[in-house]
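We have chain A; now place chain B onto it with these hints.
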Amino acid sequence: MYTYSEFDRDFLATRNAQFRAQVERRIAGNLTEEEFRPLRLMNGLYLQLHAYMLRVAIPYGTLRSAQMRQLALIADKWDKGYGHFTTRQNIQYNWPRLRDVPDILDALAEVGMHAIQTSGNCVRNVTADHFAGAAADEIADPRPVAELLRQWSTDHPEFQFLPRKFKIAITGSPNDRAVTRAHDIGLRMVLQDGQRGFEVIVGGGLGRTPVIGKVLAEFIPEADLLPYIEAILSTYNSFGRRDNKYKARIKIMVNELGLEEVRARVQRRFETLRAEWQGADQAILADLRRDFAPPAFRVAPTEAYEIAYKNDPVFRSFADTNLAQHWQEGYTIVTISLKAHGATPGDATSDQMRLMADLAERYGHDELRISHEQNVILPHVHKSDLPALHAALQQAGLATANVGLISDIIACPGMDYCALATARSIPVAQEIATAFEAREQDIGGLKIKISGCINACGHHHVGHIGILGLDRAGVENYQITLGGDATETAALGERAGPGFAYDQIVPAIERVIDAYLDLREDPQEEFIQTFQRLGAQPFKDALYLTGDRADAA
Amino acid sequence: MSTRFTTSVVTANDLFEGDVVYLTPQGGWSRIHAEAELFTDQAAAEAALDAANAQPDRLVGAYLAPARSGPDGPEPAHFREEFRARGPSNYLHGKQAERMC
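Residue numbers (my numbering), protein chains in the order written: chain A, 1 to 553; chain B, 554 to 654.
Bound conformation, chain A alone (with noise of 0.2 Å):
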């Protein structure tokens, strides 16, 4: 993993200073809060309903055992003891005081952490599979990459000041679990005649208008890719719109250019700014693959994971679902659930928090990741430890086996926290996953994905059930999509209909889901194999009791 240099610490330093200066400033009154507002937004703080927030980056959602010890103390210290994990791998403190705030980041920074580009019109905490260097189907670990393009974008002087905030998430897999098509700029590595490269997808987003990103370059070479990038954002800071907030995203951009037009000014851009690249990326980029050297696996047997599968169907029912398959033979990669049934989802206790760093100390080579999905992931572990780390999780409820099914629920912070929203999100979640609870294992995999609003940081659009929370006339009201897709075959979800009131949404998903239970060929097809097998009118006949479901009214 990469471990800040001296740079990377006296500009943390630097900044934080800054800001505490800042701070003072505004509580001596010396700084209104229009002033203040764009400063406290650069690092990360936000205003909330009931409250501050603190935004804090994990880039490519990785950290050391240090690290999450030391997202805990903060926890404690500044906040109410947990921390919430999210769709964008980041983690927030949904408590602190502005006073605190300044003493908050001075403690990030001694771990290497900060909150800097978490929020602006900037290039944002850069995303990435949180299986990276360990999934089997990778075809190389993208983080040296994306610590590349962390370092190039923060606090790059032409890019901080975007039409908009900027997203970029990339994956070494072709098998995307980074949601590539759903970010402004989405990089899939491809081999090309043995060459490591990028397909790079642009303009793709959630929001108020969602996009499935584009395919710019099917291909660009690793040691083109930076130039590329900064192509795009050149050419978006040139012409994206900034008219009107709600059309500057790039996907505005390009769907008002066109995709041909946005390539040519790309390219021309490109051709300029390729030559002015000396190659001093380049030669970061080799020490960052040093950095993100695979750790010194170890061979062992495995028969303790063997027996205890055969034996124990707790530990069966853990392993079946929350392990993924690694590429070093022995290991295996775990996902700890944050959907205990009734929990918030991503919710993180400080105790779960510094149990975890524990076990990724002795048994996950001192790496976690956070996913988009909002879960914990131990990388690396040797199937021979999986038994003993099961029951250290069980005994901190960390061990739900419930990954990828209808309980794995996203959900945005939703009107209990945020002030953006329009409805609530977790208690839904909370509900959906109780309600469901014991025939999930039956339902199989399914991706219910919630927003309190039409920012989709829940990315609804996205889910196979898609749920989002809006104030009609003053009452909270859940539209419901159908159909949609993260991953590489990613599609939006089919607006279902009329929205349901608050008590009545999870007896609407019920109804959908009795449907396809009811519509499957087999347990084995999934609900998405059902929902494109036969569309969304069974499914929607099912929500509002119409067609053959009439009767049942």
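These aren't lab readings, by the way, just hints derived from the structure by calculation. Cβ coordinates follow ideal geometry from the N, Cα and C atoms, glycine included. A couple of the hints might just be wrong.
Chain A regions said to be covered by chain B (calculated; three or more residues, Cβ under 8 Å) [what the hints assert, rightly or not]: (1) 29-36; (2) 109-117; (3) 202-211; (4) 240-246; (5) 409-418.
Positioned in the frame of chain A, the structure of chain B alone reads:
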């Protein structure tokens, strides 16, 4: 576009804590919605909002929030304001917890 005035309280977030505060009839700021002054007159409400905006050293983002009269004082008239007055629904945090102390 003019919108019809609804009875309102003046609310904001506290600069230091970030939590929700309400303007009281005495001209102070309370953490409790029921202690707020309920404005039934648009001109008086807007004058009070102007006065609140003139206190940037302790408040952020003052606005008029719809409210109605209740047995114990003004009550929020929109669900967003109910959450602001109470706290989140997933934990006993915020004002609902403070009230139990």
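Evaluated hints:
| no. | hint | result |
| --- | --- | --- |
| 1 | 29-36 | holds (count 3) |
| 2 | 109-117 | violated (count 0) |
| 3 | 202-211 | violated (count 0) |
| 4 | 240-246 | violated (count 0) |
| 5 | 409-418 | holds (count 3) |
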